[in-house]
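J.: Residue numbers (our numbering), protein chains in the order written: chain C, 854 to 971; chain R, 2 to 421; chain F, 249 to 737.
No lab work stands behind these hints: they were computed from the structure.
Among the hints, a few may not be true.
Said to hold, decoys possible - Straight-line C-alpha distance at most 30 Å; calculated DSS-like pairs for lysine-lysine: (1) R:K40 <-> R:K318; (2) F:K626 <-> R:K5; (3) R:K318 <-> C:K892; (4) R:K239 <-> F:K548; (5) R:K385 <-> C:K955.
Stated by the list, open to error - Beyond 12 Å from chain R on every Cβ pair, some chain C residues (computed): (6) E855; (7) L880; (8) D891; (9) K892; (10) T916.
Keep in mind the model is a prediction, meaning the values are calculated, not measured.
No residue lacks a Cβ here, since even glycine has one placed at the ideal position from N, Cα and C.
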Amino acid sequence: MEKVITCINCPVGCRMTVMLSDAGDVLSVSGNTCPRGDKYARQECMLPLRVITAVLPVPGSPTPLSVKTASPVPKDAIPEVMRELSRVRPVLPVHAGDVIVKNILDTGADIVATRSLL
Amino acid sequence: MTEKRVDLLVIGAGPAGLAAAIAAKETGIDSLLVLEREKDPGGILRQCIHNGFGLHRFKEELTGPEYADRDIARAMELHIPIRCGTTVLSVSSGRKVTCVSPSEGLQIYQAGAVILAMGCRERPRGALCTPGTRCAGIYSAGTAQRFVNLEGLMPGKRVVILGSGDIGLIMARRMTLQGAEVLACVEIMPYSSGLNRNIVQCLQDYSIPLYLNHTVTEIRGRERLEGITISQVDENRKPIPGTDISFDCDTLLLSCGLIPENELSLGAGVRLSPATSGPVVNENFETSVPGVFACGNVLHVHDLVDHVSRESALAGKAAAEYIRSGAAGAETIQVTDGDGVRGTVPQMIHRNASADIDLMFRPAGVYRSSAAVVRCGGEEILRKKAMIYTPGEMAVLTLKAELLQRLPDSVLTVSIERTE
Amino acid sequence: MLCSSDVLLIGAGITGCATARALSRYACSVIVLERGPDLAEGATKANSGIVHAGYDAHPGTRKAYHNVRGAAMYPELCRSLSVPYEQCGALVIGFDENDRRTLENLLQRGIQNGVQELRIVERSELLAMEPALNPDVLCALSVPTSGIVSPYELAFAMADDAALNGVSFRFNEEVTGITRLPDGGFLVRTGAGEYRCKALINCAGASSADLHNMLSGEKLTMVHRRGQYYLLDHAVSLPFRRTIFQCPSVMGKGVLVSPTVHGNLLLGPNAEDIQDPLDTATTQAGLDEVLRKAALSWPKVSVRSNITNFSGIRAHLPQDDFLIGPVAGCPGAFEAVGIESPGLSSAPSVGADLAGMAAEWLHCSVNETIVPYTAPDKPFREMSEEEQRAAVLRDPAYGNIVCRCEVVTEAEIRRAIRRPVGATTVDGVKRRTRAGMGRCQGGFCMPRVMDILSEELQQNILNITKDGGESRLLCDTVASFLEGGSVHD
């Protein structure tokens, strides 16, 4: 199987072709112009990761709370993480860096506040 | 009315103003004041809740509020006074600054030096002359970002984004994650001016189509937006008949460019560059008005906040030096834009400058396998090759100080040339 | 709900507001019904803002009579209401001998109509007067008494004055039917209720012919003529001090280039007949036409500093004159139909006449207790430093600049909402204060204006509209939207 991936490491944006085995293992990467591209393409094919950021409503505060996953989570988990977050209502006061949800959906990533709401 | 004296007055407490004030204070300027019109410092970063800031400066990926908090914490540590809720009404060529706030009323400061750090604003619909109705539901991407991220309000449910600048791409993802449906991102140019990373992670991750070489040609809806039509454009950016695609949407977000906010600068008599829409400055970031400095997006629109912070710290140091030692004498070298180059900053250089100088500019188009070249009196004095130069990324050429003394001419021209 | 009044006035545009104000000087009760969410929602908010001197209309027509009489009322009217008005003068330019003949005709017409100070000016003097003019110009009719005004601000002031003196304004009330009552009065139905009155006045602008046809056996057909405009930022130095008209010729009517009282530059309008009297969309073809024609007056035309495009609908009657007076065959009903240009210039005169006719019909005396109109305070941006200082001391909300482009303060926005006929929408605030009228087009101030509106009107912010009806600016809170959003499907 073949997969086309645009590299995000620099503005060149190499369009790379990744050959995958039936089991989903990377056989080859082509089209990249530097080793960083090769590494990124393999990661994107095996387990693409993203940091998720969001705003959550906070009862009693006109300003919502901005949060992020403290580390990247699998891309496929984004909808589930957002669904989980939609039920979360942080309680005042919140300080930047506070853990709002520990190890969300067992991804290993905490949801932390990126601002303070006092 | 009585004027208050202050050595350094910084207008704006966004990343530029904060970095400039911190740098000036660190070199020993104690009489300084930062004026900020919003309720809190941090500037536009407060609403940029996504991550990706600070990779160059802090070697980690921060969100906008986190990046701003680092500078705010440092400013607090240094006891830099930041007066929020205060709008500057005018700056005179003699550095008299008039400002107003509900708590302090009208105040006038006579400043030893002024740093302009007001940032930029978004190009509104009017500037695009898009025909159609004038219904509700059309916002600049930044306004929508403020609604969602700072006020917890959703401007709409079905969204089309015009312009593929980074704010537009970021908002495509934000609206999607917060529950809206983003139908398309439409870009009049053959390429996106946003980062590849944002195209992948904000559009492709959510299967949002990007229409290059397209623009909005009709806006429908008498009261609230009901739909738009987009059309493909030719090489002159004119719509091609018969290429219409129609979308039913209640929201159109515009991400069609940023314009430095220089109304105060103009009032002070600061000369502006038509290429950057920001002040003409020398390597000290001093404008055509002595003692008035400019940095950050008010000077030229940046790609990364890390660059804003670096540039602004230099401006802060230079302003401090001006306060201590006065003017640096006449600039003798002029920097001009050649082929493929738009808006090189600084535009003027002192021949006796003691530090290396970064020449910053935006490529006028996409150039692959090319080199940025600095020429002087027909002689090539600097060349920097790159696999790609794009308008979305600020290009930087570092000019060695010792090179300045032996320039054959007083005009430098920066251009992009194809390398075979 | 049934409401009763002596007079029911339909339409709160410039003519309706002028008539309402004139009626408030009589001892009668007045209700104004307006289809839109605010005053000045039709042609009044979207026209050239010119107070014509009166050289254009044919002598003997109602247009000529009301234009010249109305224009003469403007200086004192605007002074007493503190509405920006400026006699900036105008030039009607011509390029060849044909045009010269037309201009000579206009000169004669103007003299017959009683317009003062008209004269033909030749090229060299012309280019000295207005250096940005097309150098190919041959001559022009100089009209020093031509003026500019902010049409909607005049409507607001007249309505506030009327409201202070007892006139009641009802918005979002579209007339759906009228019944003649046995006692000679009228029963008017709207979507919201019923109104009973002794005298009825039709100032319904684009819908005035429809209303006429409900009342009279002599049917009218109206042509809806749309005109599109560019409005440029005032940050650029203005190329012209005067209004530049183009000589009407076989090529058509031409477009004007004019400064506005707020220092912007206006280009337009084109003219196109359309079916729907509410279709105020702009079109690429229309905007291109305006640009092309404006270039004839101003060869260096540039819309780089364009703030907005808009269009307005002129209510044109085929007989090419205003229809003003008692409605034929319908005693007690009065009307102003076909009020296109020079309708703005004519409004004070038309209002006085219509009010007089209704008062006479009702045999009502003069209102002896006039509440004097006090204009809103001078805008903060126009105050001296000392005045600004005093203003913030008096009311700290003057220290909160909400709109940076036009320097509009929180205090002014709150006052605009609290005016006798106050703003209830974001556009209403914009037209009363200029917040959002500048180069960023509300990008920065709109969320703040919405907050203030929501506070003052005690409305949930989700219900705040741009311009009434379904023009809501927000759809939901992040909280409730997250729960039902599409990402979870």
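J.: If you check each hint against the structure, which ones fail?
T.: Hints 3, 5, 10 are the ones this structure does not satisfy, whereas the remaining hints hold.
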